[in-house]
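Protein chains: 2
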Amino acid sequence: MAMKRVAAFSAIRAFTSPSSSSVSSPNLTRHLHASPGSKKIVGVFYKANEYAALNPNFVGCVEGALGIRDWLESQGHQYIVTDDKEGLDSELEKHIPDLHVLISTPFHPAYVTAERIKKAKNLQLLLTAGIGSDHIDLNAAAAAGLTVAEITGSNVVSVAEDELMRILILVRNFLPGHHQVINGEWNVAGIAYRAYDLEGKTVGTIGAGRIGRLLLQRLKPFNCNLLYHDRLKMDPELENQIGAKFEEDLDTMLPKCDIIVVNTPLTDKTRGFFDKNRIAKCKKGVLIVNNARGALMDTQAVADACSSGQIGGYSGDVWYPQPAPKDHPWRYMPNQAMTPHISGTTIDGQLRYAAGVKDMLDRYFKGEDFPPQNYIVKEGKLASQYK
Amino acid sequence: MAMKRVAAFSAIRAFTSPSSSSVSSPNLTRHLHASPGSKKIVGVFYKANEYAALNPNFVGCVEGALGIRDWLESQGHQYIVTDDKEGLDSELEKHIPDLHVLISTPFHPAYVTAERIKKAKNLQLLLTAGIGSDHIDLNAAAAAGLTVAEITGSNVVSVAEDELMRILILVRNFLPGHHQVINGEWNVAGIAYRAYDLEGKTVGTIGAGRIGRLLLQRLKPFNCNLLYHDRLKMDPELENQIGAKFEEDLDTMLPKCDIIVVNTPLTDKTRGFFDKNRIAKCKKGVLIVNNARGALMDTQAVADACSSGQIGGYSGDVWYPQPAPKDHPWRYMPNQAMTPHISGTTIDGQLRYAAGVKDMLDRYFKGEDFPPQNYIVKEGKLASQYK
Numbered sequence: 002m003a004m005k006r007v008a009a010f011s012a013i014r015a016f017t018s019p020s021s022s023s024v025s026s027p028n029l030t031r032h033l034h035a036s037p038g039s040k041k042i043v044g045v046f047y048k049a050n051e052y053a054a055l056n057p058n059f060v061g062c063v064e065g066a067l068g069i070r071d072w073l074e075s076q077g078h079q080y081i082v083t084d085d086k087e088g089l090d091s092e093l094e095k096h097i098p099d100l101h102v103l104i105s106t107p108f109h110p111a112y113v114t115a116e117r118i119k120k121a122k123n124l125q126l127l128l129t130a131g132i133g134s135d136h137i138d139l140n141a142a143a144a145a146g147l148t149v150a151e152i153t154g155s156n157v158v159s160v161a162e163d164e165l166m167r168i169l170i171l172v173r174n175f176l177p178g179h180h181q182v183i184n185g186e187w188n189v190a191g192i193a194y195r196a197y198d199l200e201g202k203t204v205g206t207i208g209a210g211r212i213g214r215l216l217l218q219r220l221k222p223f224n225c226n227l228l229y230h231d232r233l234k235m236d237p238e239l240e241n242q243i244g245a246k247f248e249e250d251l252d253t254m255l256p257k258c259d260i261i262v263v264n265t266p267l268t269d270k271t272r273g274f275f276d277k278n279r280i281a282k283c284k285k286g287v288l289i290v291n292n293a294r295g296a297l298m299d300t301q302a303v304a305d306a307c308s309s310g311q312i313g314g315y316s317g318d319v320w321y322p323q324p325a326p327k328d329h330p331w332r333y334m335p336n337q338a339m340t341p342h343i344s345g346t347t348i349d350g351q352l353r354y355a356a357g358v359k360d361m362l363d364r365y366f367k368g369e370d371f372p373p374q375n376y377i378v379k380e381g382k383l384a385s386q387y388k
Numbered sequence: 002m003a004m005k006r007v008a009a010f011s012a013i014r015a016f017t018s019p020s021s022s023s024v025s026s027p028n029l030t031r032h033l034h035a036s037p038g039s040k041k042i043v044g045v046f047y048k049a050n051e052y053a054a055l056n057p058n059f060v061g062c063v064e065g066a067l068g069i070r071d072w073l074e075s076q077g078h079q080y081i082v083t084d085d086k087e088g089l090d091s092e093l094e095k096h097i098p099d100l101h102v103l104i105s106t107p108f109h110p111a112y113v114t115a116e117r118i119k120k121a122k123n124l125q126l127l128l129t130a131g132i133g134s135d136h137i138d139l140n141a142a143a144a145a146g147l148t149v150a151e152i153t154g155s156n157v158v159s160v161a162e163d164e165l166m167r168i169l170i171l172v173r174n175f176l177p178g179h180h181q182v183i184n185g186e187w188n189v190a191g192i193a194y195r196a197y198d199l200e201g202k203t204v205g206t207i208g209a210g211r212i213g214r215l216l217l218q219r220l221k222p223f224n225c226n227l228l229y230h231d232r233l234k235m236d237p238e239l240e241n242q243i244g245a246k247f248e249e250d251l252d253t254m255l256p257k258c259d260i261i262v263v264n265t266p267l268t269d270k271t272r273g274f275f276d277k278n279r280i281a282k283c284k285k286g287v288l289i290v291n292n293a294r295g296a297l298m299d300t301q302a303v304a305d306a307c308s309s310g311q312i313g314g315y316s317g318d319v320w321y322p323q324p325a326p327k328d329h330p331w332r333y334m335p336n337q338a339m340t341p342h343i344s345g346t347t348i349d350g351q352l353r354y355a356a357g358v359k360d361m362l363d364r365y366f367k368g369e370d371f372p373p374q375n376y377i378v379k380e381g382k383l384a385s386q387y388k
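Residue numbers (the numbering used here), protein chains in the order written: chain A, 2 to 388; chain B, 2 to 388.
Keep in mind that a hint or two might mislead.
In this list, chains with the same sequence are indistinguishable; a pair is considered to hold if it fits within one copy or across any two.
[As the list claims (entries may be wrong)] No more than 20 angstroms apart at the CA atoms, straight line, and that leaves these computed lysine to any residue pairs for SDA-like:
no., residue 1, residue 2
1, Lys234, Lys284
2, Lys221, Asn241
3, Lys257, Phe274
4, Lys202, Asn56
5, Lys282, Asn226
6, Lys327, Asn188
7, Lys95, Tyr321
8, Lys359, Ala281
9, Lys122, Leu89
10, Lys221, Ile243
11, Lys285, Gly210
12, Lys234, Pro330
13, Lys221, Glu200
14, Lys221, Glu240
15, Lys202, Gln218
16, Lys359, Gly38
17, Lys86, Pro266
18, Lys285, Asn56
19, Lys221, Leu239
20, Lys86, Asn188
21, Lys282, Arg364
22, Lys327, Phe274
23, Lys285, Ala54
24, Lys257, Tyr321
25, Lys202, Val157
Simulated from the structure, these hints should not be mistaken for lab results.
Excised from the complex, chain A in its bound form (with noise of 0.2 angstroms):
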């Protein structure tokens, strides 16, 4: 039963389908719009292998392919669909001179270079199945003339939901209870010493965006201190009812906060801004939460800080590089609350994400504008938060 649903999902069918064999119209200009005839399009994502069979509305991974195989198939494009990725022998690669879209996830990020795109004549649509293009050269896609898209405000909840999680799993110090549990043994002790309430605390997130904003708001009944840090101040009446308060600077809000959680996009600006010098500057024991980019941070100096104490705990899903490799320093370092980058790829993230996928092919083919919020790249330019 399990092996007939992955047969039937298999990533196998892409290579094998009728549509494989029709060519597509040369496009040597970049139009931002579908010109007519058959496309190629190229997905990225995960495979799920065992998994594939285990929920139907499993589409995010390469068997899954977003579900919009059939759709496609229908209209004589062909899609291709890989989790074979990296380097010139990858499966991605062969299809890189060819394609006119690539779809790709953070989870699993096909990483688009310079050089990708360059050797990419036919290209004109980079698709995010989620949010968070950083894995895209975007100044080169814009150069280029291509369009960059994502799904704006697919997975905001998933994350902001995902980040308040992560926030009650440090301070109430769950993790070492966990394992006494599967370890045969037993000591309150060793939990309570370190655990708290999350009430009362002071907690301040980089980035009040709209995953920010959603976890500000579920962090309301909590009766926390709230602060945020960006580079403009909310309305009023926003955050009023948010209850957040404007910290201008950051290196001021820093050392207010007993936990600090990162929302701010990746970019050449905010890249390692917080290392060695920044986490100096938190309070001692300090809590940190980040599921924007492993990349934000140092590595090694949040590995240090959580050694010597300075991070009381550090949670997220994202890592540089992704997947993490098996010595990735974070894996191993004390107090630490992290997973493989998961929090935008749940079941109902995916199927938002998914939904948004297929609407903006759907928009391609008919010479349509994108939904104007999920522009990372249009026209030459960069969306303002990548600037």
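Starting from the structure of chain A, add chain B where the hints point.
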């Protein structure tokens, strides 16, 4: 340094302190309030050992002794503190014949049976440092004219926060991802196939007392469908503010819920009420959170349902018995997110219940009434929630 702090806090002081030689006045009639003179007070807490020295606010352990030793001894009372509570050879048992006050916690319960009550000729007052007095034979205590009181409200926020954490851990499938990290693995699919958002799910609480209500308030911004079962419907204004719908019949509510939270006290009526038949009434794959009492559940029925998949995940910090033996089936059942009994003994919670115990002892010495909501047994009568 660590050793020094442990020594300063050490329980050994209890047996060598100057006041330990003072003999309490005989008190064979069990007055509800203190007779003049020195009292023998016994506290039963968990031992912290090496953890005692790591946090000056860690007052809930044997070593911390609720932080009331100096205060008690300065008034001429004798204060014995121990973690040794089981059997006829235990330290607690030695003091049963002449103690006046017994303080215990739900985290390391001193079981006060009818036999012990019979033997405790001087006993007047049983205090629970925290909430939950089911380790005491309340009917026997009432018949003997004892006063039983707890620090109502001292841990309600702690437990409600902890419940929300556990809901998120189960719904979002946190633990398999964390285990991947520490095992050097990376398999997003192995997490994602059964990870969901909390948003949009139906959450039902069995019991909507203080903890249940605080949980519902914290759940509100998650945009769930909230249900509650209790003996009484909330008043309409409160119900509307909390945003939960009353379910008069438990067995009608169960099949509606994606997530069930148990928030009902353990009584003769509720013991084992969540048995095989009740579990069968739930939605397949239901997630259950129980921070109330382990004995509310049929232990083996829960383990069997986790194995069969009828229960999709079970999390809680309460077991029967406590400490959970090494072979307790909940340690080894699939999809459990268990910890030892911890949710109400955060550092914040400890400071609140230590202050509550001190306040009630002070009132007891002065012959004053306690805050009315704290009484569990008063003048031979049980509080309504324990009837």
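Evaluation of the provided hints:
no.	hint	in the structure
1	Lys234 <-> Lys284	neither (24 angstroms within a copy, 45 angstroms between copies)
2	Lys221 <-> Asn241	both (11 angstroms within a copy, 18 angstroms between copies)
3	Lys257 <-> Phe274	within (18 angstroms within a copy, 47 angstroms between copies)
4	Lys202 <-> Asn56	between (39 angstroms within a copy, 17 angstroms between copies)
5	Lys282 <-> Asn226	within (19 angstroms within a copy, 42 angstroms between copies)
6	Lys327 <-> Asn188	between (30 angstroms within a copy, 12 angstroms between copies)
7	Lys95 <-> Tyr321	neither (25 angstroms within a copy, 59 angstroms between copies)
8	Lys359 <-> Ala281	neither (46 angstroms within a copy, 39 angstroms between copies)
9	Lys122 <-> Leu89	within (17 angstroms within a copy, 85 angstroms between copies)
10	Lys221 <-> Ile243	both (7 angstroms within a copy, 14 angstroms between copies)
11	Lys285 <-> Gly210	neither (27 angstroms within a copy, 37 angstroms between copies)
12	Lys234 <-> Pro330	neither (36 angstroms within a copy, 52 angstroms between copies)
13	Lys221 <-> Glu200	both (10 angstroms within a copy, 16 angstroms between copies)
14	Lys221 <-> Glu240	both (12 angstroms within a copy, 19 angstroms between copies)
15	Lys202 <-> Gln218	both (16 angstroms within a copy, 18 angstroms between copies)
16	Lys359 <-> Gly38	within (18 angstroms within a copy, 81 angstroms between copies)
17	Lys86 <-> Pro266	neither (23 angstroms within a copy, 55 angstroms between copies)
18	Lys285 <-> Asn56	between (44 angstroms within a copy, 14 angstroms between copies)
19	Lys221 <-> Leu239	both (13 angstroms within a copy, 18 angstroms between copies)
20	Lys86 <-> Asn188	between (46 angstroms within a copy, 16 angstroms between copies)
21	Lys282 <-> Arg364	neither (48 angstroms within a copy, 46 angstroms between copies)
22	Lys327 <-> Phe274	neither (25 angstroms within a copy, 46 angstroms between copies)
23	Lys285 <-> Ala54	between (46 angstroms within a copy, 18 angstroms between copies)
24	Lys257 <-> Tyr321	neither (28 angstroms within a copy, 42 angstroms between copies)
25	Lys202 <-> Val157	between (24 angstroms within a copy, 17 angstroms between copies)
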